[in-house]
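Engineer: Here's the letter readout for the chains.
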Amino acid sequence: MRRLATIVAALAGMGAVACATAPAASAELRQFWVAATPAPTWNMAPNERDAIHNMPLSPSQTVFPTVVYRRYTKDWGHPIPNQPTGSSNQDLIPGPLLRARAGDRIYVHFKNLDTLYKRPHSMHFHGVHYKPSSDGAYVPGISGRDGNVKPGQTWTYKLTAGSDSVGVWPYHDHSPSMEDSIAGGMYGMLSILGKGQPRPDREFEVVFAPMGDFQTIDGRAFVGNTPVFTSVVGQTIQWDVMAMGSEHHTFHVHGHRWKSPFGTDVDTQTVGPAETFAIRWKEEDPGTWLYHCHVEAHMMAGMIGIYHVRPK
Amino acid sequence: MRRLATIVAALAGMGAVACATAPAASAELRQFWVAATPAPTWNMAPNERDAIHNMPLSPSQTVFPTVVYRRYTKDWGHPIPNQPTGSSNQDLIPGPLLRARAGDRIYVHFKNLDTLYKRPHSMHFHGVHYKPSSDGAYVPGISGRDGNVKPGQTWTYKLTAGSDSVGVWPYHDHSPSMEDSIAGGMYGMLSILGKGQPRPDREFEVVFAPMGDFQTIDGRAFVGNTPVFTSVVGQTIQWDVMAMGSEHHTFHVHGHRWKSPFGTDVDTQTVGPAETFAIRWKEEDPGTWLYHCHVEAHMMAGMIGIYHVRPK
Amino acid sequence: MRRLATIVAALAGMGAVACATAPAASAELRQFWVAATPAPTWNMAPNERDAIHNMPLSPSQTVFPTVVYRRYTKDWGHPIPNQPTGSSNQDLIPGPLLRARAGDRIYVHFKNLDTLYKRPHSMHFHGVHYKPSSDGAYVPGISGRDGNVKPGQTWTYKLTAGSDSVGVWPYHDHSPSMEDSIAGGMYGMLSILGKGQPRPDREFEVVFAPMGDFQTIDGRAFVGNTPVFTSVVGQTIQWDVMAMGSEHHTFHVHGHRWKSPFGTDVDTQTVGPAETFAIRWKEEDPGTWLYHCHVEAHMMAGMIGIYHVRPK
Numbered sequence: 001m002r003r004l005a006t007i008v009a010a011l012a013g014m015g016a017v018a019c020a021t022a023p024a025a026s027a028e029l030r031q032f033w034v035a036a037t038p039a040p041t042w043n044m045a046p047n048e049r050d051a052i053h054n055m056p057l058s059p060s061q062t063v064f065p066t067v068v069y070r071r072y073t074k075d076w077g078h079p080i081p082n083q084p085t086g087s088s089n090q091d092l093i094p095g096p097l098l099r100a101r102a103g104d105r106i107y108v109h110f111k112n113l114d115t116l117y118k119r120p121h122s123m124h125f126h127g128v129h130y131k132p133s134s135d136g137a138y139v140p141g142i143s144g145r146d147g148n149v150k151p152g153q154t155w156t157y158k159l160t161a162g163s164d165s166v167g168v169w170p171y172h173d174h175s176p177s178m179e180d181s182i183a184g185g186m187y188g189m190l191s192i193l194g195k196g197q198p199r200p201d202r203e204f205e206v207v208f209a210p211m212g213d214f215q216t217i218d219g220r221a222f223v224g225n226t227p228v229f230t231s232v233v234g235q236t237i238q239w240d241v242m243a244m245g246s247e248h249h250t251f252h253v254h255g256h257r258w259k260s261p262f263g264t265d266v267d268t269q270t271v272g273p274a275e276t277f278a279i280r281w282k283e284e285d286p287g288t289w290l291y292h293c294h295v296e297a298h299m300m301a302g303m304i305g306i307y308h309v310r311p312k
Numbered sequence: 001m002r003r004l005a006t007i008v009a010a011l012a013g014m015g016a017v018a019c020a021t022a023p024a025a026s027a028e029l030r031q032f033w034v035a036a037t038p039a040p041t042w043n044m045a046p047n048e049r050d051a052i053h054n055m056p057l058s059p060s061q062t063v064f065p066t067v068v069y070r071r072y073t074k075d076w077g078h079p080i081p082n083q084p085t086g087s088s089n090q091d092l093i094p095g096p097l098l099r100a101r102a103g104d105r106i107y108v109h110f111k112n113l114d115t116l117y118k119r120p121h122s123m124h125f126h127g128v129h130y131k132p133s134s135d136g137a138y139v140p141g142i143s144g145r146d147g148n149v150k151p152g153q154t155w156t157y158k159l160t161a162g163s164d165s166v167g168v169w170p171y172h173d174h175s176p177s178m179e180d181s182i183a184g185g186m187y188g189m190l191s192i193l194g195k196g197q198p199r200p201d202r203e204f205e206v207v208f209a210p211m212g213d214f215q216t217i218d219g220r221a222f223v224g225n226t227p228v229f230t231s232v233v234g235q236t237i238q239w240d241v242m243a244m245g246s247e248h249h250t251f252h253v254h255g256h257r258w259k260s261p262f263g264t265d266v267d268t269q270t271v272g273p274a275e276t277f278a279i280r281w282k283e284e285d286p287g288t289w290l291y292h293c294h295v296e297a298h299m300m301a302g303m304i305g306i307y308h309v310r311p312k
Numbered sequence: 001m002r003r004l005a006t007i008v009a010a011l012a013g014m015g016a017v018a019c020a021t022a023p024a025a026s027a028e029l030r031q032f033w034v035a036a037t038p039a040p041t042w043n044m045a046p047n048e049r050d051a052i053h054n055m056p057l058s059p060s061q062t063v064f065p066t067v068v069y070r071r072y073t074k075d076w077g078h079p080i081p082n083q084p085t086g087s088s089n090q091d092l093i094p095g096p097l098l099r100a101r102a103g104d105r106i107y108v109h110f111k112n113l114d115t116l117y118k119r120p121h122s123m124h125f126h127g128v129h130y131k132p133s134s135d136g137a138y139v140p141g142i143s144g145r146d147g148n149v150k151p152g153q154t155w156t157y158k159l160t161a162g163s164d165s166v167g168v169w170p171y172h173d174h175s176p177s178m179e180d181s182i183a184g185g186m187y188g189m190l191s192i193l194g195k196g197q198p199r200p201d202r203e204f205e206v207v208f209a210p211m212g213d214f215q216t217i218d219g220r221a222f223v224g225n226t227p228v229f230t231s232v233v234g235q236t237i238q239w240d241v242m243a244m245g246s247e248h249h250t251f252h253v254h255g256h257r258w259k260s261p262f263g264t265d266v267d268t269q270t271v272g273p274a275e276t277f278a279i280r281w282k283e284e285d286p287g288t289w290l291y292h293c294h295v296e297a298h299m300m301a302g303m304i305g306i307y308h309v310r311p312k
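As they're listed, the protein sequences go chains X, A and L. For the first sequence, counting from 1, position 206 maps to 206 in my numbering; every step adds exactly one. For the second sequence, counting from 1, position 172 maps to 172 in my numbering; every step adds exactly one. For the third sequence, counting from 1, position 220 maps to 220 in my numbering; every step adds exactly one.
These are calculated hints, taken from the structure and not from any lab test. Take these hints with a grain of salt, some might be off.
Said to hold, decoys possible - Below, in silico cross-link-like pairs of lysine to aspartate or glutamate (EDC-like), each with a Cα-Cα straight-line distance of 16 Å or less:
#, chain 1, residue 1, chain 2, residue 2
1, X, 282, X, 265
2, L, 131, X, 180
3, L, 131, X, 179
4, A, 158, L, 285
5, A, 312, A, 265
6, X, 118, X, 164
7, X, 259, L, 164
8, A, 131, L, 284
9, A, 195, A, 28
10, A, 282, X, 164
11, X, 131, A, 283
12, A, 312, A, 164
13, L, 118, L, 180
14, X, 118, X, 179
15, L, 282, A, 164
16, X, 150, X, 201
17, X, 282, L, 164
18, X, 131, A, 28
What the hints assert, rightly or not - Here are some chain L residues the structure puts well away from chain A; computed CB gaps all over 12 Å:
#, residue
19, 31
20, 59
21, 131
22, 143
23, 199
24, 257
25, 287
As the list claims (entries may be wrong) - Covered stretches of chain A (in silico footprint by chain X; criterion: 3 or more residues with CB under 8 Å from a CB of chain X, positions within the stretch not fixed):
#, segment
26, 250 to 259
27, 265 to 276
28, 285 to 296
The structure presented is a predicted model; accordingly, all values stated were derived computationally and were not measured. Yeah, the Cβ is synthetic: ideal placement off N, Cα and C, and Gly gets one too.
Start from the sequences, fold in the hints, and give me the full structure.
Structural biologist: Structure representation (structure tokens):
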């Protein structure tokens, strides 16, 4: 009880916001309903502008009919936002942010509603404990239905968050269609807190991935289309950074530094395909800042966005 | 004596297997005889199958006549397996696994038996101490015979493992032919233990490198050709991971996590050309798992294999 | 006073050389005058030789008319060497090595003297604290003159080195011309010491970046053109390593090892675009050694140099 009180006090003191699921004092079962659903008019650049080269873009270049992960209410009743209320990015890419705490069991109920391409799909999770039947990867002659969920079918992935699962982790399609599906945005993140770890005030998801001829953040390209993340001086903010695809990236935020995983101060950090890291700091620097991939060709192809910090 | 007893007891307690060289209680001289020898029918995919795209492959696509490092008995008497008895990969690529302990001196006697291409060759070692005459790299106008061993010639590389040499390290051709030779598989690893460090029960070598149009692990492409690594629940296993060539990779094992070099939990880790890392865990998860490079284009071009864990 | 005496004694004991600015006992204001100036005959390979493939190179392949950062005396009176007296590389690429200590304020007075291409330029600094008006990055509709300094104009960037700024950091053009300007060598480094941290005896700057068809170190390609770094046994040496452009590299030095940022021993370390690291060791190994990028295609395209250690 004393421990619970401490945690609650800590959370209150940080002004935590936007918890879709209440922080758990003890291990619990968290259930999510997710479907593969068509996004036939996904537009990487709705403002029709390449703000780096100051050039127009037409929808014929930037609309990418695709299939995405989408969060649903219980038993796939109706779709709900992929990210929790108050999140900075309510879009369909990346897929639902699946939050849990060390010790929790997690059931992800998956349904393949791909009526656009009628492909098989699956979910393969990093960072958590599971049996081979929840692996979600297709291997000819070895794997079962978990790695090859056909249109109309369902599968429940049963996962456990260990003490070695704290942090952020990828999930993604690992079925026979994975090449096309990942290229189309079928990826998302698990965000797992330690038992007494306070939730940040703001949590920003940044997924670096190519899409067609562009280099995108969360499926969007160029300032004006990529997510605008916002915070207020004094808040604790967390960046959940991940890459998918075939290229290495370097995540950079202007005017800020953070502790790298190994304890040194950095402001640019490599992230390769399926690598992830969570960065936290207490915000002190008001202004409009850039965040971007520092691989120059990627930034020039759209991998750049705005982070806005309001004074207190 | 007390210290020796402790080490032996520790090793016995771990059920250590497959030590080609006995664990040393004190520093010793370890000698190896290695030759560059032809492998004129090396086949990257002996099963003639691309198991990712479920397509046939013909030997005309996958046979790659090459020259490799091969281990010999004393004074190059006769060839012996590159990897110690009981190893999971008895193939010719990578070259011999050279094991030592901190404090040891290591003599590697090298002979160029390249009758296939008649190229010069050499061995350049990472991680160990040596004088310039054992560097093995060719620099016009500077280097001696160590970096340019002609067909029929020999050279002895004299190395010392310091306390800063613990871990796994690359060796590779650094002669005038290095571009072709590394592309053909002329690389291998040193595996150096700390003075009292127990040897793992199982040691798996994973070298990510391109070969022709494919992306290979230990010179093989696609599940069914790449090494199948095996262990039993309860064993301590070690992955020796390395990359050679011009690309960065991300090493991933399904259903497992490990401590990164900086102490965080990961299941995907970047490895660039000539970088290496050794990962250890005590096995707890029975099943048939995938290990692969998570750079998607590499996995699709063959960089994927099977890891099988039997119940106790 | 006792603390100051300790620092001075430590520096004296290390035989520190080549301090352009005296070590500070307390925080100070450091001012630098830098200009963007033409280098119309920059030659990546003045010796007209590809020493890797042993082939001739002609100036038509290797001369690259460009614009660089150049250090000046106060109020841009006259140009002075980019690197401090005694440095191993007195060339114009990279730009001036800007040295400071944690706690210092730093003013960089920048003037655009680009009469060659008449492009806008800027300076964007990593690792230090500043307000948005000193960010130096151009964002359409948001940024001011700091990110878009036109020919003939000036701007003063006002920076502060915090305790989280210790290490080496990039600066580079982030104006509308950044693609061309970075490709032409408009980058350099900040080198910031902790408050009581002794300066190394030798400090070597290694910037990996493509230029035209070559892969360069400090704007030069191949042994004979890239910097020759020198030291004497017993000296403390520091490598300042950075990458610019769109590719990841692996920095390797023959015959030496160092502690990676996470405390393990390595001799090859990944550095991605805008990542930096400072490596220190006390020199013990006399000889002529290679340092190079271990990405094979990069080394073959010129990214390799000589490090010479004289006996004591």
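Engineer: Does the claim that residue 199 of chain L lies outside the interface with chain A hold up, using a Cβ gap greater than 12 Å?
Structural biologist: holds (24 Å)
Engineer: Beyond 12 Å from every Cβ of chain A: is that where the Cβ of residue 31 of chain L lies?
Structural biologist: Answer for residue 31 of chain L: holds, closest chain A Cβ roughly 37 Å.
Engineer: Please work out if residue 158 of chain A and residue 285 of chain L have their alpha carbons no farther apart than 16 Å.
Structural biologist: OK: residue 158 of chain A and residue 285 of chain L at ~15 Å, within 16 Å.
Engineer: Taking a Cβ-Cβ distance under 8 Å as contact, does the segment 285 to 296 of chain A have three or more residues in contact with chain X?
Structural biologist: holds (count 8)
Engineer: Please verify whether residue 150 of chain X and residue 201 of chain X have alpha carbons no more than 16 Å apart.
Structural biologist: Roughly 39 Å between the alpha carbons, so the hint for residue 150 of chain X and residue 201 of chain X is violated.
Engineer: Check the hint pairing residue 131 of chain L with residue 179 of chain X against an upper bound of 16 Å on the C-alpha distance.
Structural biologist: violated (43 Å)
Engineer: Checking one constraint from the list: CA of residue 282 of chain L to CA of residue 164 of chain A, max 16 Å. Satisfied?
Structural biologist: holds (14 Å)
Engineer: Taken at face value, is the distance from the CA of residue 283 of chain A to the CA of residue 131 of chain X at most 16 Å?
Structural biologist: OK: residue 131 of chain X and residue 283 of chain A at ~14 Å, within 16 Å.
Engineer: Is residue 259 of chain X close enough to residue 164 of chain L, meaning Cα to Cα at most 16 Å?
Structural biologist: holds (9 Å)
Engineer: Taken at face value, is the distance from the CA of residue 28 of chain A to the CA of residue 195 of chain A at most 16 Å?
Structural biologist: holds (12 Å)
Engineer: Holds or violated: are the alpha carbons of residue 312 of chain A and residue 164 of chain A at most 16 Å from each other?
Structural biologist: Since the Cα atoms of residue 312 of chain A and residue 164 of chain A sit roughly 36 Å apart, the hinted pair is violated (cutoff 16 Å).
Engineer: Take a quick look at residue 143 of chain L and tell me if its Cβ sits farther than 12 Å from every Cβ on chain A, holds or violated.
Structural biologist: holds (32 Å)
Going down the numbered hints, you'll see the structure goes against 2, 3, 5, 6, 12, 16, 18, 24, 25, while the others check out.
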